[in-house]
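Those protein sequences? They're chains A and B, same order as listed.
Be aware that the first sequence starts at 1, since it is given in this note's numbering, and climbs by one per residue.
Be aware that the second sequence starts at 1001, since it is given in this note's numbering, and climbs by one per residue.
Heads up, some of the hints might be wrong.
Label-pair ranges, simulated between beta-carbon atoms [said to hold, decoys possible]: (1) B:I1213 with A:G18: 38 to 44 Å; (2) B:I1213 with A:A246: 24 to 30 Å; (3) A:Y237 with B:F1187: 40 to 46 Å; (4) A:A24 with B:D1059: 51 to 57 Å; (5) B:T1045 with A:T28: 34 to 40 Å; (6) B:P1064 with A:V135: 40 to 46 Å.
Counterexamples of contact, computed for chain A against chain B with all Cβ distances above 12 Å [stated by the list, open to error]: (7) I32; (8) W34; (9) V83; (10) A123; (11) W178; (12) A217; (13) L225; (14) G235; (15) Q253.
Read the hints as simulated data drawn from the structure, not as lab findings.
Source: prediction; values computed, not measured.
Glycine included, C-beta positions come from ideal geometry on N, C-alpha and C.
One-letter residues, chain by chain:
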Amino acid sequence: MRSDDLTLPGDIALQRAGYALAAALAATFGAIVWALFDRSDNIVTGTVIAMIGDPSRPWNLPGMHLLLVMPVGASVVVFVRSVLGWKTFGLFTPMLLALAYLQSGPIAGPVISTAAIMIGMLAVPFLKLLSLSRVGFLGTLIAIVVSALGAMALEFDQPALVSAFPVVVTALIVERWWNDYEADGPKKAVRMTIATLGVALAIQLLVAAPPVVRLAAEVPLALPLASIALMIVLGRYQGLRLSELARFRAAQQGA
Amino acid sequence: MAILGMNRRNALIARLNPREAIKGVNQKFETKQRLAAAGVPVPPTLALIGDEAKSAAFDYASLPDAFAIKPNRGRRGEGVILVDGRVKGGWRKLSGEVLTEKALRAHVTRILAGELSLEGGNSDAALIEPLIRAHPDFARMVPFGLPDIRIICLGDVPLMAMTRLPTQESGGRANLHQGAVGAAIDFRSGTIFRAVLGQDEVFEHPSTNVALIGAGLPFWRETVAAARRCSGALGLGYVGVDLVIDATRGVQVLECNAYPGLEIQNVNGAGLGSRIALVERLQRERARAARRAGTEAAHSRTAGMRPVKDPRAALRDAGRRIADRVTGAFLLPVSLAA
């Protein structure tokens, strides 16, 4: 039996619980951001710098490098989707996210974009109440994310932390996250978030690794051309995905 | 490759399901017309309301006591209202609430605005059909709700079948992810041979405790026959056909899916991949045989040769002819005809 009752009392309770959880997470994360990037002389900042170095240091990669490693990031995404079978938000969101990381720095990138995503996510339920059109919704979300990033840059007095590039990506991720959260429930949405951020981190570490940087500097076209070959091979892969080995265990036993 | 994975399924669909055909099955009414033209039993249409003017002119009071209203391009059963009785001021929904005519009109307006349709649509039509009631053989297995049957077909060859039985937990929905029981059906006998709830194999229905293994389905031959015709009628080479058995009308095809899910393999405890490979190999062999027969027929017309039916007899004949001709110095030590 199908029904038109789409908002059951349980769903609302679930949304409230999810929202409370997300707010708590964002608050914790905000504290971490503060500890990392607050420039005033205090013991926390001192310890952080002593332990992991200056958290706001940039990658210092040449501009050309970002462009050349994009196909490498794309190959990683293709591999993750069709061989590992992990679901991520959007097709190439992890790659774009990784490029956003690269613009800000090894620690600042992931931390700042995650903070922006969380702020955007907390804003969505209120935007939904206004029942905007999709473009209006996304536009407002972009402005909110920019406000959050700008406020962070001003507060920590580090304009370099924030670049224009990640803003739209962040807004799109936030929108996708809420759609998936409503369609598939919190478990799947959280799993997809972790996969997306994890793949983005992996791409960042891969394409900023010294051998890759050296190769891109010496033979600029090697990486994109190799990626083409690799993606053609991966794109033709028709075997089972790693995740499907577990999913179809019941079918495999009988077969 | 016994199991069909996402990658191979997507490649198969890209090869066998044309874009136009995929778009076509999203429209329920048009799909029904195409299926009916091919002789597939589908639910009758009480009304198709295409725009506001038609909605204003439509006499809702003339609807029967039990009907279903759905968006023509709906997704996942969204926006479907089921009513099964008339009460003062309107109808009674299956959930027990009252549906007034005003509320029904408002719902039609929402459907027409495309609010309940697949993404990318900003207008739609409202489809009204008689309410489907589960056949007693099915109804006795479930607490409430409408069980359905999914048959995956490669062309007109049925590959795998299951029935989805709603449970208390699934809220009457025949959806495996929402907690319905999936039961694999044996094609030859039309009986259930394996049942699965989530990841676990079960032997009886969790809500009604009715034994499932060995339970026979009504109208099984007709069910398979209806499913086999869908592929040709809709132009989909690989299709998941969703059927129900109505208590009075019998077999009805409710929906055809151009991207049928793969969970049916876990329900059956078997892979689709090997079955697809087998069917495609047989089809290739048949095509090759037909081609060979075709070329030989063509030869026989042009060069006056008959197709060789029995190679050994032909060889013996040829040998005898040569032996008859070759004599004297060229006498063969052994007769070829021996």
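Checklist line | Numbers of the earlier hints that this structure fails to satisfy, in rising order | finding: 3, 5, 9, 14 and 15
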